[in-house]
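*Asks:* Add chain F to chain R, keeping to what the hints say.
Residue numbers (the working numbering), protein chains in the order written: chain R, 295 to 584; chain F, 295 to 584.
To be clear, the hints were calculated from the coordinates, so they are not data collected in a lab.
Any given hint could turn out to be false.
Quick list of in silico lysine-lysine cross-link-like pairs, DSS-like style, CA-CA up to 30 Å [said to hold, decoys possible]:
id	chain 1	residue 1	chain 2	residue 2
1	F	K371	R	K378
2	F	K583	R	K583
3	F	K378	F	K435
4	R	K431	F	K583
5	F	K411	F	K336
Residue-level listing of the chains:
2 protein chains.
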Amino acid sequence: MASDRTYGDIPGFPTGSAFKTRDELTESRVHRPNQGGIWGGKDGAESIVVSGGYVDDEDYGTEIVYTGQGGNDPRTKRQIADQKLTHGNLGLARSQIDGNPVRVVRGAGGDPQYSPKVGLRYDGLFRVVDHWRATGKDGFKIWRYRLVALESADPPPAGADGTDGEPAARTQATIQRLVRSTAVANGVKRLHGYQCQICGIQLATPAGPYAEAAHIRALGRPHNGRDVASNVLCLCPNDHLLFDTGAIYVDPNGVVRQVGTAADLGKLRLVAGHSVDWAQLAYHRNHYKP
Amino acid sequence: MASDRTYGDIPGFPTGSAFKTRDELTESRVHRPNQGGIWGGKDGAESIVVSGGYVDDEDYGTEIVYTGQGGNDPRTKRQIADQKLTHGNLGLARSQIDGNPVRVVRGAGGDPQYSPKVGLRYDGLFRVVDHWRATGKDGFKIWRYRLVALESADPPPAGADGTDGEPAARTQATIQRLVRSTAVANGVKRLHGYQCQICGIQLATPAGPYAEAAHIRALGRPHNGRDVASNVLCLCPNDHLLFDTGAIYVDPNGVVRQVGTAADLGKLRLVAGHSVDWAQLAYHRNHYKP
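Chain R extracted, bound-state conformation (with noise of 0.2 Å):
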């Protein structure tokens, strides 16, 4: 599941940059594709052009409910077939699952009101928040998704890179923290298959598997755990929620335990790869153990 996706902004072309031409844009790695509105297949998508293409896209700005692609008459612009969750429309579910931000490019014949009057403009990062099936307004069964711009949405924690940091800005400095962040996160869990490290378990979704990567020592004041692998385990969310309200620890040798009772829950599943920092359960464990 290797892969050569770049998320985030591309260096040299900050938000509002401004293209004349497809081939332009792919130029400059905005988006990459000179026809396609998503670019990306089922490890993820990086990037999407919003140009008016699809009849059931609606834009609100710093939001934006976009419909895959496939099925439609380029010419009439109508959908005359149903769209499959495959390639691009299936990278777009991944990245919402992922976590990965997506650049958004809005073309002249997009929204007018959010759209540049001609040629195209890169508007920064989104987060793909929400997918689902509907009936298109032809009839036809479509991908829809919501993308909420990043400003908008949460941003990284104080100290997410190791740091007690301010509240930070919305700078270039910060989206390359989160999408750095994003990318230890999803490498642990693609070392670990999206198995849980303590209970096993694969959450199937039609996006793909799915896992949470849990700090261990926490991020942000007064804990400022380090975002990096070791300081990370790949786990489903009910043991995500058991470990972080202390309700579950790593014992000394490895083995999962409830808090107030002798129950061994088996052991912390590792693989090889994936370096677990045992100092950081012992300060877990340390603030959770009777």
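*Replies:* Frame of chain R, contents of chain F only:
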């Protein structure tokens, strides 16, 4: 588990309200006890006073690292015994798990940068985002809580009140909507005894049982589902994720099924007092079932 707790702002006492004495504060019901720093019990905590009574408190303005109650010598303010996760300490942990806001009052004697010079001041609503046990500066076990001011935390989604409202400013209305929304969610969870309506699990944490309120028809554009009990399921985090990503749905006979397979995951668990809106389950199903 019924309770007469009042979460959220107290009408007539907006953020910034000043009180000359603890008696005056008690009378306002912004913080009821005349002496204690936390007003709460095992069902949750409504309010705290930060006034320098505990040597381990840290104040950063919109973020507070707060010390639980007990174990200190009120005269010297030093810790002389371990604190327990009971009474108000348990209440703050419970408010974290339930997502209920906590009223924060600062008093003279707290961090001079953020505290009033005399008397007490209501500083608005905060969320408990973390709690853990630590060894305090005086060598005894203390419980600690990280609280973040609500205007710094995520606002309720647009349309959380059933309208397709604009991104809301931080007004009294917003706060009331947030508190109401939390009340709906927690009401449904209590009716189900925090058991997942799909798998039946009840996650046990040191702060009590945990479950999540899943909206069947999503809030916000373009679904505009309503924030009412009949549009909410009580789910464990794992099944919440699977339901929201369309990995599972409820068929017209009330049987939970996995998309793409014939797998029968059993009947949706129902309880008296919580009527589920089958039209919304159909809405959800039609968005995911092939």
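*Asks:* For every hint, state whether the structure bears it out.
*Replies:* Here is how each hint holds up against the structure:
| no. | hint | in the structure |
| --- | --- | --- |
| 1 | K371/F with K378/R | violated (65 Å) |
| 2 | K583/F with K583/R | violated (44 Å) |
| 3 | K378/F with K435/F | holds (8 Å) |
| 4 | K431/R with K583/F | holds (19 Å) |
| 5 | K411/F with K336/F | violated (33 Å) |
Of the numbered hints listed earlier, those contradicted by the structure are 1, 2, 5.
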